[in-house]
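Residues per chain, in single letters:
2 protein chains.
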Amino acid sequence: MAKINANYMKLPGSYLFVEIKKRVAQFREKHPNADIISLGIGDVTQPLAPAVVKAMHQAADEMAKAATFRGYGPEQGYDFLLKAVVKGDYLARGIKISEDEVFISDGAKCDVGNIQEIFAKGCAVAVPDPVYPVYLDTNVMAGRTGELKKNGYFAGIIYLKGTAENNFCPGPPSEKADLIYLCSPNNPTGAAFSKKQLKKWVDYARKNESVIIYDSAYEAYITEPDIPHSIYEIPGAQEAAIEIRSLSKTAGFTGVRCGYTVVPQKLIGRADGDKIKLNTLWNRRQSTKFNGVSYITQKAAEAVYSEEGRAQIKQVIDYYMENARVICSGFAKLDLKMYGGVNAPYIWLKTPKGMSSWEMFDHLLAKAHVVGTPGAGFGPAGKDYFRLTAFGDAERTKEAIERIGKSF
Amino acid sequence: MAKINANYMKLPGSYLFVEIKKRVAQFREKHPNADIISLGIGDVTQPLAPAVVKAMHQAADEMAKAATFRGYGPEQGYDFLLKAVVKGDYLARGIKISEDEVFISDGAKCDVGNIQEIFAKGCAVAVPDPVYPVYLDTNVMAGRTGELKKNGYFAGIIYLKGTAENNFCPGPPSEKADLIYLCSPNNPTGAAFSKKQLKKWVDYARKNESVIIYDSAYEAYITEPDIPHSIYEIPGAQEAAIEIRSLSKTAGFTGVRCGYTVVPQKLIGRADGDKIKLNTLWNRRQSTKFNGVSYITQKAAEAVYSEEGRAQIKQVIDYYMENARVICSGFAKLDLKMYGGVNAPYIWLKTPKGMSSWEMFDHLLAKAHVVGTPGAGFGPAGKDYFRLTAFGDAERTKEAIERIGKSF
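Line by line, the protein sequences are chains D and A.
Take any residue in the first sequence, count from 1 to its spot, add 894: that is its number in the working numbering.
Take any residue in the second sequence, count from 1 to its spot, add 894: that is its number in the working numbering.
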C-alpha cells in the first residue's frame, strides 16, 4: 500500500498566489468589465532586452543545424555562462568565486526549494517572518516541523520576526539554528541588510556551524551604497553561506527560467564527526535529479552580462524603480505608513484603520480594482501589512495609486 | 551545527556518465589524435525539427514586445501545450486523460527524481535491475534504503531482475512493493513490455494498492504493434500508475528540456486510513518547488505535436532506428548475443569472452576508439552486458560497428 508523505497534510490549504488568483477570478466573474490593475504577484511586465532576444535567435539557429546542435549540457551549466556569472557578479565586486562553485538552474524557486534536501532532517531551521513562503513550505514538506499551530506558526521552526521596530531586518536568535534562510533585499518587505547587520549573521553562523541560505534575487534593485549585493562581501561568508540568485527580476526572466546557486568549496556540513563539503553534495543532487538548463536560455542569460545587455536591463530596472518612487510618494500624501521601495521593487504598506491584510485585499479589489498581496500570505507577522510591487506599467501604476487614494 | 543528509554518503562514488567522461578524458589526453566515436551516452545528435525552431523564433519575438511578453506561466504548463499533449499522446490512442492530470516539466529526469517526494519514507520500493540509475539513487538519497552491500545491491530495495531468460521484462515480485519503477521501452536493455506483461503489473498494483511510476521516455521508438505506448492502454491503469514522458528522445529536446508527468485523478495514496489524491500532492509539490517551463520551450514543444512537426520528427526517429538496424545486423555477423534495437534506440550486448562490462568499455575505447556504456553502470545484473545507442550519425555508426568487429 503506497503511503503518502504525510508532512504535506500539515500545509494549509492553498498556496498564496493560487488563493489570490481564485479571488480575482471570482471577482472577474461578477464584474466582467472591471479594469483590474495588478500590483500583486511579483512578476515583471517589460519585454526582454534586445541583446537577450538576439542571443535566443542565434542559439535557436544553432540548434537547427547538426554541426552546431547541442544535446545534453552539463548539469551545472555551460562554461560560457559560469564564466560570465563569476566575472560579472563576483570578480567585478572583488569577490573570488570559482566556476565550480556556481550551479546554473532553471530559477531561484527550484534551488531555494531543493537546497534543504542535502541537509539532515533533524536540522533546526530559522526563517524570517514575514517572508517568501517557499523557505518554510519546503521544510514542512521535508518533515522538519511539527504541526501548524493556531497562531499560524509551525512547531519546531525558529521564526525571525521582521517588525517596524527592527526595520524588518531581524538579527540572530538566542537559540542555535542550523539552517537559516535570509532574503535581502527582502520579499515582501523591501528591507535590505546593511553590511554591519549581515556581518552579525555571518559571525553567528560561523560560531554555530550553521549554514545561511542567502536569497539575493533582488540585488539588482539595490540603490544605497552600504547595502551588500552579495553575502560574500562579508569576510568569512564563504564558510557560512550558500547564495541563490535569479535572472527573473534582474533581466525579466520570470517566463524564461534561469538562476544560479553558489556553494563555496569552503562550506562544510557535518556527518557524525566528519566534515563534508556541501559543494560535493549539491553537485551530486543536481547531477542526479536535474538535467541542466536549456541551451537557448543559457545563451540568453549570457547576453545579460554583455555590455549591451547590462545597459539595456539597467534601463528596465530604472523604469521599475521609478514606479516604486511614484508609489511611495503617492502614499506619503495619503499619510500611509510604508517601508521598502528603495533597495527593492516592493512596497510594504501598513494597513490603515485596523484592517487585516486580506480585508485590505478585498477592499482594494472591490473599491479600486487593484490587486495587491496580503501580508498574511508571507507569515503571521505580515497580517497588518500589504505588499505592492513596482513591476507594473508606469501609467497603470500611477492610476492604481490614484484609485487607492480615492478608495480610502 | 548543520548536519548533512547522511543518506548521500551511501551512494557509490561517481555517477555513471561522470565516470565515463573521466575515462574518455584520460584517454584523450594520452591519445590526442584518436578519432573517438561515441555510442555511449543516450544523447541525440540530429538537429531540432524546422517546425520546432520556427516556433522558438516566434516565441522569442513575442518576448521582445511588451504587448506579447510572458512572465510567470502556470507551474503546471500552458493550456496550449497541455491540450496538445492530451490530444496527441492520449486521445489519439483512445485514452481519456484530462488537462489537469498532466504536468509539464523541464524533463523526465527531474520528474522521475522528484516524484518519490510525495510518498512516505517507509514505502517499499521496487526497481528493475538493470535500469536507469536515477530511480534507485533518488530513493537512496531520500533514505528509503539501507547501506550498499558488497554484492552491489542496496539493503531494503526490491530488485526486479531483467535477464535473458525473462527477455529483460521482469514480472511482479512475490513481496509487496509500494512504489514500482518501470521503464518501457527500457533503458538500457531496449526491451519493452507487451500488453499482457504490463497487465500483470497493473493487476498487481491494484491488488496491493501500489503505485507504478511508468517511464515511457522512449515510446516514440516502438515499432511492434503489441507494445503499448502508454500504460493507460491497460484497463484500470489510471488507478495504478503515474506516467512520465519526455520530448528529449521523441523530438531531440535533450538540450532544450521539456517533458511531462501524468498523475490521474483516480490515483490515490494512503495517509493513515485516509485516501489522498496523488494528483493534489504532485500539484502542491510542483506549485511550491517549481516555477514552470520556459515559454519559448513550451511553444517549441507544442510544435512537436503539429502535423508538420510530427512528420519531421518521424524522419529523425526513422534515421536513428536505421542505425539500430545497422548495429544489430553488424553484430549478428559477429555472432554476438544482443537484445533490444527493435522498440528502442538501445542495443544491449552480451559481453563476449567473459569480459566484464567495464573491461569491454576499456577494450572498445582502446582498440576501436568507440565509447559505449558499461552495463554495470545500470545495476549488478548488467555486469556482463554493454549498451550501445542508435543516436549517432549514420556513417559514424557504420564505422563504429566495423571497428568493433575488427577489435575482436
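Source of the hints: derived by calculation from the structure; they are not laboratory data.
A hint or two may mislead.
Copies of one chain are not kept apart here, so a pair can be met inside one copy or by any two copies together.
Subject to a maximum C-alpha distance of 27 Å in a straight line, what follows is the list of computed DSS-like cross-link-like pairs (lysine-lysine) [unchecked claim]:
{"#": "1", "residue 1": "Lys-1171", "residue 2": "Lys-977"}
{"#": "2", "residue 1": "Lys-1171", "residue 2": "Lys-897"}
{"#": "3", "residue 1": "Lys-904", "residue 2": "Lys-1169"}
{"#": "4", "residue 1": "Lys-1160", "residue 2": "Lys-897"}
{"#": "5", "residue 1": "Lys-990", "residue 2": "Lys-1043"}
{"#": "6", "residue 1": "Lys-915", "residue 2": "Lys-959"}
{"#": "7", "residue 1": "Lys-1090", "residue 2": "Lys-990"}
{"#": "8", "residue 1": "Lys-916", "residue 2": "Lys-1292"}
Every value quoted in this text rests on a predicted model; they were computed, and no experiment measured them.
Do the hints match the structure? See the list:
Proximity of Lys-1171 and Lys-977 under a CA criterion of 27 Å is satisfied intra-copy only: 22 Å inside one chain copy versus 45 Å between copies. Only between protomers do Lys-1171 and Lys-897 lie at most 27 Å apart by alpha-carbon distance; the minimum there is 11 Å, versus 33 Å within a single protomer. Only between protomers do Lys-904 and Lys-1169 lie at most 27 Å apart by alpha-carbon distance; the minimum there is 16 Å, versus 33 Å within a single protomer. Taking identical chains as interchangeable, the C-alpha atoms of Lys-1160 and Lys-897 lie at most 27 Å apart only when they sit on different chains, with a minimum of 15 Å there against 39 Å within one chain.
In this assembly of identical chains, Lys-990 and Lys-1043 lie within 27 Å of each other by CA distance neither inside one copy nor across copies; the values are 44 Å within and 42 Å between. Within a single copy, Lys-915 and Lys-959 get their C-alpha atoms only as close as 42 Å, which misses the 27 Å cut-off; across copies the closest is 25 Å, which meets it. Taking the closest pair of Cα atoms, Lys-1090 and Lys-990 come within 27 Å of each other only inside a single copy of the chain (21 Å); across copies the shortest separation is 60 Å, beyond that limit. In the homo-oligomer, the alpha carbons of Lys-916 and Lys-1292 lie at most 27 Å apart inside one protomer (26 Å), although the nearest pairing across protomers, at 58 Å, exceeds that limit.
Hint 5 from the list above is the single one not met by this structure.
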